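Novice: One-letter residues, chain by chain:
2 protein chains.
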Amino acid sequence: MTDASQYLLVCYLEARADGEPVAPGDVAERLDRSPAATTEMLQRLEQRGYLAYEPYEGATLTAAGRREAESLYDSYVVLAEFFRTVLELEDPDREAIELAGHVSSLVTDRVAETLLESDTEPDDHGGPSLERS
Amino acid sequence: MTDASQYLLVCYLEARADGEPVAPGDVAERLDRSPAATTEMLQRLEQRGYLAYEPYEGATLTAAGRREAESLYDSYVVLAEFFRTVLELEDPDREAIELAGHVSSLVTDRVAETLLESDTEPDDHGGPSLERS
DNA sequence: GTTTTGTTTTAGGTCGGCCTAAACACTCGT
DNA sequence: ACGAGTGTTTAGGCCGACCTAAAACAAAAC
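Note that the protein sequences, when read in sequence, are chains A and B.
With the numbering used here applied, the first sequence has no gaps in its numbers, which climb one by one up to 133 at the end.
With the numbering used here applied, the second sequence has no gaps in its numbers, which climb one by one up to 133 at the end.
Among these hints, one or two may not hold up.
As the list claims (entries may be wrong) - So the derived label-pair ranges between C-beta atoms look like this:
#  : chain 1 : residue 1 : chain 2 : residue 2 : range
1  : B       : E70       : A       : D3        : 40 to 48 angstroms
2  : B       : E57       : A       : R44       : 25 to 33 angstroms
3  : A       : A17       : B       : E57       : 52 to 60 angstroms
4  : B       : T120      : A       : Y56       : 52 to 60 angstroms
5  : A       : E29       : B       : Y56       : 46 to 54 angstroms
6  : A       : A63       : B       : E70       : 30 to 38 angstroms
7  : B       : G25       : A       : E20       : 32 to 40 angstroms
8  : B       : R67       : A       : E88       : 35 to 43 angstroms
9  : A       : T120      : B       : R48       : 21 to 29 angstroms
10 : B       : T2        : A       : R16       : 26 to 34 angstroms
11 : A       : T2        : B       : R44       : 51 to 59 angstroms
12 : A       : D91       : B       : E70       : 20 to 28 angstroms
13 : A       : Q43       : B       : D109      : 36 to 44 angstroms
In case anyone wonders, no lab produced these hints; they're calculated from the structure.
These numbers were taken from a predicted model, which means no experiment stands behind them.
We treat Cβ as the ideally placed atom computed from N, Cα and C, and that holds for glycine.
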């Protein structure tokens, strides 16, 4: 699961921001995919037990889906932070969403550690620290 | 091209190590794929102009293929180095091969920079520097 | 010069992920 | 209550990436 995890993560992000159920259109737009592709994927994610999908309503994460999504979210936060403060990329969020499903949690954890280290170092970039979770 | 790039990169690595043509079996084993999948992919890569494939012989990179592969290789080297010296992963090579096709060269470049920086810092981990290219 | 062994390829099939176009369903405004 | 408009879903199709099993091949062993 790598492409699918992007949808799951975005569902989670949307749910945080706008609550559930999550409208497929929002997901589609955020991922720059066709509405059709999104519907299809949400149905797939439902089959896999990550969310409940009500046609013309939207997606609601299941417990399993939320667990999975939170894990992805953790990766996403760490990566985005890393991309922003260390690599200074232009669109850290987008790149982080794309990559969150591709990196092992081991990588994420270690990156998080290096971020904490550089946070306590003298030449701090001034960005906000991680907080959360 | 993300899965395909793994094959291309491995072809390049094999070509460096054992010369050309590259036997599909070696590629298959290295990527933990079936021989059939590998044959198929090498044929695909041939269609895309990245290599010449001679049945029962093996693959020989074209100029375009080598160019592409070198770019992947650069990412691979940087990522592997990063995974080894900074994140201290168990199998930095494998993870680097998998990720090389997924990260933008922008990311790679910035990571390379941070590696250079940490190289010149007092608490050097002692790993070898990048050299190459 | 056959046979055997190991590798490679083809055949046939599955699933994931994406698209466009067309059908469908809600929601409003009138 | 109906038709317009917006958003969503279904239908049909395409391509990528993988697999197993069976056929084809090359090279070594006899």
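Novice: Now look at each hint and say whether the structure bears it out.
Specialist: Evaluation of the provided hints:
Between E70 (chain B) and D3 (chain A) the beta carbons are some 27 angstroms apart, a value that contradicts the proposed interval 40 to 48 angstroms. At about 40 angstroms, the beta-carbon gap between E57 (chain B) and R44 (chain A) misses the expected band of 25 to 33 angstroms. Against the hinted window of 52 to 60 angstroms, the Cβ-Cβ separation of A17 (chain A) and E57 (chain B) comes to about 56 angstroms, which satisfies the hint. Taken as a hint, the range 52 to 60 angstroms holds for the pair T120 (chain B) and Y56 (chain A), whose Cβ atoms sit roughly 59 angstroms apart.
One distance hint, 46 to 54 angstroms for the beta-carbon pair E29 (chain A) and Y56 (chain B), holds here, with the actual separation near 49 angstroms. Distance hint check: the CB atoms of A63 (chain A) and E70 (chain B) are about 46 angstroms apart, inconsistent with the given range 30 to 38 angstroms. A hinted range of 32 to 40 angstroms is violated for the C-beta pair G25 (chain B) and E20 (chain A), which are about 50 angstroms apart. In this structure the hint that R67 (chain B) and E88 (chain A) lie 35 to 43 angstroms apart at CB is violated, the actual value being about 28 angstroms.
Between T120 (chain A) and R48 (chain B), the C-beta spacing of about 48 angstroms breaks the proposed range 21 to 29 angstroms. In this structure the hint that T2 (chain B) and R16 (chain A) lie 26 to 34 angstroms apart at CB holds, the actual value being about 28 angstroms. Separated by about 19 angstroms at the C-beta atoms, T2 (chain A) and R44 (chain B) break the suggested range of 51 to 59 angstroms. For D91 (chain A) paired with E70 (chain B), a C-beta distance near 26 angstroms keeps the hint of 20 to 28 angstroms intact.
For Q43 (chain A) and D109 (chain B), the hinted distance range of 36 to 44 angstroms is satisfied, since their beta carbons lie about 39 angstroms from each other.
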